[in-house]
Amino acid sequence: MTQLQSNNNVVTQSLQDPALTGDLQPEIEARNFNFYYNYGHFKALNNINLTVPRHKISAFIGSSGCGKSTFLRAVNRMHDRTPGASSEGQLLFEGQDINAITDITNLRKRIGMIFQQPAPFPLSIFDNVAYGMRLEAQNIPKSEIADRVEHALHAAALWKEVHDKLDQSGLALSGGQQQRLCIARAIAVEPAVLLMDEPCAALDPIATLKIEDLIRELSQNYTILIVTHNMEQASRVSDFTAFFTIDENRAGTLAEYGLTKQIFTKPRDRRTEDYITGRFG
Amino acid sequence: MNNTLLENSTQWMKSDPQNSKRTLQRHKLIDRIATALMSLAALLLVLVLLSVIGILLYRGLSTISWKFLTTAGTFTEIGGGIGPQIFVSVYILFLSLLFTTPLGVGAAIYLAEYAKPGRLTTAIRFSTETLASVPSIVFGIFGAIVFLTVMGLGYSVLSGALTLTLLNLPLMVRIAEDAIRAVPNAYREASLALAGTQWETIRKIILPAALPGIITAIVLTGGRIIGETAPLILTTGTTISPNAQYSLNPFQTGETLAVHIWVLKIVGVPGLKDAQKVADGTAAVLLLIVLIVNVGAAYLSQRLQKNLRGAR
Numbered sequence: 170m171t172q173l174q175s176n177n178n179v180v181t182q183s184l185q186d187p188a189l190t191g192d193l194q195p196e197i198e199a200r201n202f203n204f205y206y207n208y209g210h211f212k213a214l215n216n217i218n219l220t221v222p223r224h225k226i227s228a229f230i231g232s233s234g235c236g237k238s239t240f241l242r243a244v245n246r247m248h249d250r251t252p253g254a255s256s257e258g259q260l261l262f263e264g265q266d267i268n269a270i271t272d273i274t275n276l277r278k279r280i281g282m283i284f285q286q287p288a289p290f291p292l293s294i295f296d297n298v299a300y301g302m303r304l305e306a307q308n309i310p311k312s313e314i315a316d317r318v319e320h321a322l323h324a325a326a327l328w329k330e331v332h333d334k335l336d337q338s339g340l341a342l343s344g345g346q347q348q349r350l351c352i353a354r355a356i357a358v359e360p361a362v363l364l365m366d367e368p369c370a371a372l373d374p375i376a377t378l379k380i381e382d383l384i385r386e387l388s389q390n391y392t393i394l395i396v397t398h399n400m401e402q403a404s405r406v407s408d409f410t411a412f413f414t415i416d417e418n419r420a421g422t423l424a425e426y427g428l429t430k431q432i433f434t435k436p437r438d439r440r441t442e443d444y445i446t447g448r449f450g
Numbered sequence: 630m631n632n633t634l635l636e637n638s639t640q641w642m643k644s645d646p647q648n649s650k651r652t653l654q655r656h657k658l659i660d661r662i663a664t665a666l667m668s669l670a671a672l673l674l675v676l677v678l679l680s681v682i683g684i685l686l687y688r689g690l691s692t693i694s695w696k697f698l699t700t701a702g703t704f705t706e707i708g709g710g711i712g713p714q715i716f717v718s719v720y721i722l723f724l725s726l727l728f729t730t731p732l733g734v735g736a737a738i739y740l741a742e743y744a745k746p747g748r749l750t751t752a753i754r755f756s757t758e759t760l761a762s763v764p765s766i767v768f769g770i771f772g773a774i775v776f777l778t779v780m781g782l783g784y785s786v787l788s789g790a791l792t793l794t795l796l797n798l799p800l801m802v803r804i805a806e807d808a809i810r811a812v813p814n815a816y817r818e819a820s821l822a823l824a825g826t827q828w829e830t831i832r833k834i835i836l837p838a839a840l841p842g843i844i845t846a847i848v849l850t851g852g853r854i855i856g857e858t859a860p861l862i863l864t865t866g867t868t869i870s871p872n873a874q875y876s877l878n879p880f881q882t883g884e885t886l887a888v889h890i891w892v893l894k895i896v897g898v899p900g901l902k903d904a905q906k907v908a909d910g911t912a913a914v915l916l917l918i919v920l921i922v923n924v925g926a927a928y929l930s931q932r933l934q935k936n937l938r939g940a941r
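In the order they appear, the protein sequences are chains A and B.
Numbering-wise, the first sequence is residues 170 to 450 according to my numbering.
Numbering-wise, the second sequence is residues 630 to 941 according to my numbering.
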């Protein structure tokens, strides 16, 4: 209980920090959220409480196996395909319980996702970006598709490189270009939230910097949740940072959540400090 | 402790240079022998394949003529034709694939994409595996009971096509399921995350990506249909009615090329003096059909795979 209160206090404090201008509105909220794999036998997330504010970048950091990706994938219910996965507590999107939504496509229309490995479909660049728009759930008129493909490629900072070869396969692009193509594909359907699961893990440093610039650019219009193993990346791109760690029962738990500036300069939790300064265990 | 470990692990560097040179030579020799043996095996395989093609074509090509391919054989005339047999072979191939492909791919999609691990899935998989190893003549007997007698279809092209469908379904399901499972999971997740339904994901991404593998399944199945004899003798018959040659009526009896060879060689056709020659010619035609289909399918599959990999 004390743990829960302290977490909530941290979040509230952060959201009221005078360093942030403008009003912060909650986009995604977790309340006493637990997550299980293997039919309840393995608890992967223990009592997560946090609020992700709208149009901000929240980075999720922590060592491997601490549940960052599990949390991210719970937000767009990617776990629905995993046999034996279940959750407790509340996970809210725009005030609505994500797990109570019956038509999953309605949720995923609003929450896009970028994966660790860039995975363009074996289709042309144009068809990759248009893929989401042509789906039943998105219901976008055919006449708008070409314009919106171009717009999405501009927004993903890829238009200049591909405008003269839209009919070529997306798989013929470089790794960094492929990831930006995947970002274009996700934002072409104009979601409210972008989930990014280590989007630069498979990229070289230059491609990584390009994606980071893009992420900052996109945060004007999107709420972004990014899982990263790269602490410099978290400190460079994010407004808020959530530090996940493993508790005594090997379940992932939220050690600290707050303004990125504060987490990296004045961590309140001993475990955060140890992790950030490179002292483990 | 640490020191001894280090010494052990670097022992090979310090060991007697003369000795290590000998070991190296021995390794090189073993490597050469292994390479030679494997090259020999590969060479042997190519030789066997070439000699099969060579001998069959050598014995059969002289019989093959336009007339041989397009007319029906008669009992009295030398050099009888196999036109109707080619037609029946292609017709049964077409009919059977028409049943096998949608059923097999459908079952493969179910097993790869929908089936949850459990008793039902295990049972389905076990029965498919078992059916795959049942001898084809057993399927012939089954087809004779069910299609000929119970359903009253009699000896007919349709009975044969249905029997071959049952025979080939396990193979088709298995190869198609493997092809579907080989599609990267990242495609599924990306499509679902864009608000695609499972069916949209299968139709727009997974099936196109699995198509080269599915084509392989169709070709292997087709090869078996073209070459099968025992179940067809029991369900389609061994004769083509002279007034129903080239008939699309699936309720007619029929005789495929492979069955024709069996009839010529084993049963014998009274009065036909050059049965041996006709059988050789038929075998050559059968071989050529299989070769053409295989090369064509390999080409198609390769082109599709190139498209999938993104090469222009």
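Think of the hints as simulated: they come from the structure by calculation, not from any bench.
Heads up, a few of these hints could be off.
DSS-like mimics (lysine-lysine), calculated; alpha carbons at most 27 Å apart, straight line [unchecked claim]:
(1) A:Lys329 to A:Lys311
(2) A:Lys278 to A:Lys379
(3) B:Lys833 to A:Lys311
(4) A:Lys334 to B:Lys833
(5) B:Lys935 to A:Lys334
(6) A:Lys311 to A:Lys278
(7) B:Lys906 to B:Lys894
(8) B:Lys935 to B:Lys833
(9) B:Lys745 to A:Lys212
(10) A:Lys278 to B:Lys833
(11) A:Lys379 to A:Lys311
(12) B:Lys696 to B:Lys902
How the hints compare with the structure:
no.: 1; hint: A:Lys329 to A:Lys311; result: holds, 24 Å
no.: 2; hint: A:Lys278 to A:Lys379; result: holds, 26 Å
no.: 3; hint: B:Lys833 to A:Lys311; result: holds, 17 Å
no.: 4; hint: A:Lys334 to B:Lys833; result: holds, 22 Å
no.: 5; hint: B:Lys935 to A:Lys334; result: holds, 18 Å
no.: 6; hint: A:Lys311 to A:Lys278; result: holds, 17 Å
no.: 7; hint: B:Lys906 to B:Lys894; result: holds, 10 Å
no.: 8; hint: B:Lys935 to B:Lys833; result: holds, 18 Å
no.: 9; hint: B:Lys745 to A:Lys212; result: holds, 22 Å
no.: 10; hint: A:Lys278 to B:Lys833; result: holds, 18 Å
no.: 11; hint: A:Lys379 to A:Lys311; result: violated, 31 Å
no.: 12; hint: B:Lys696 to B:Lys902; result: holds, 18 Å
The structure shown violates just one earlier hint, number 11.
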